[in-house]
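In terms of full-length UniProt numbering, the sequence shown has 84 at position 84, counting the first letter as 1, and numbering is strictly consecutive.
Simulated from the structure, these hints should not be mistaken for laboratory data. In this text, a Cβ means the ideal position worked out from N, Cα and C, and glycines have one as well.
Label-pair restraints from in silico Cβ distances: (1) 104 <-> 82: 30 to 40 angstroms; (2) 95 <-> 116: 30 to 40 angstroms; (3) 57 <-> 88: 43 to 53 angstroms; (4) 35 <-> 6: 40 to 50 angstroms.
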Amino acid sequence: QQNAVQNQTAVMIEIGTNLLNQTAEQIRKLTDVEAQVLNQTTRLELQLLEHSLSTNKLEKQILDQTSEISKLQDKNSFLEKKVLDMEDKHIVQLRSIKEEKDQLQVLVSRQNSIIEELEKQLVTATVNNSVLQKQQHDLMETVNNLLTLMSTSNPSYSLLAKDEQIIFRDCGEASKSGLPQRRLHLTFLLHG
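Start from the sequences and build out the full structure, keeping to the hints where you can.
Structure, rendered in structure tokens:
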């Protein structure tokens, strides 16, 4: 009976030892799994942190680019307004220049018309002057011929001696001189 108890005790001890060994093995496996899970979790957390940092960096870059774009848009708007103002000013200047040009063209046309009219008047005056000169010349010849004829036919109508000749400015002055009209010799001075 004692041997049976010892055998049972030995069996119980062996079973307990096996259970302890199995438990220890299970604990070791669980510890390994836990370590793997912890490592995986830590790696994921690091990746998440890196991703978050990268995301924050990208967001900052996007904000900076957005701000730069906004500045460029403001500058572009300013330049567009400046260009429009310059175009408006240029249009006004062009309109003013065109009006001045039109006015000058009108003045030039008017001056040309005046010049043409003056040229016509000059031609007419020149022709009239030539006609008057010819008429005056013909009249002088006629008067001289008459005086020569009168002097030849009647010596009392002879001309004054050269030292007795008197020059009058006009007929009125000659008439006031008191000299007999038959003693007056008329000479016309031509002014060209």
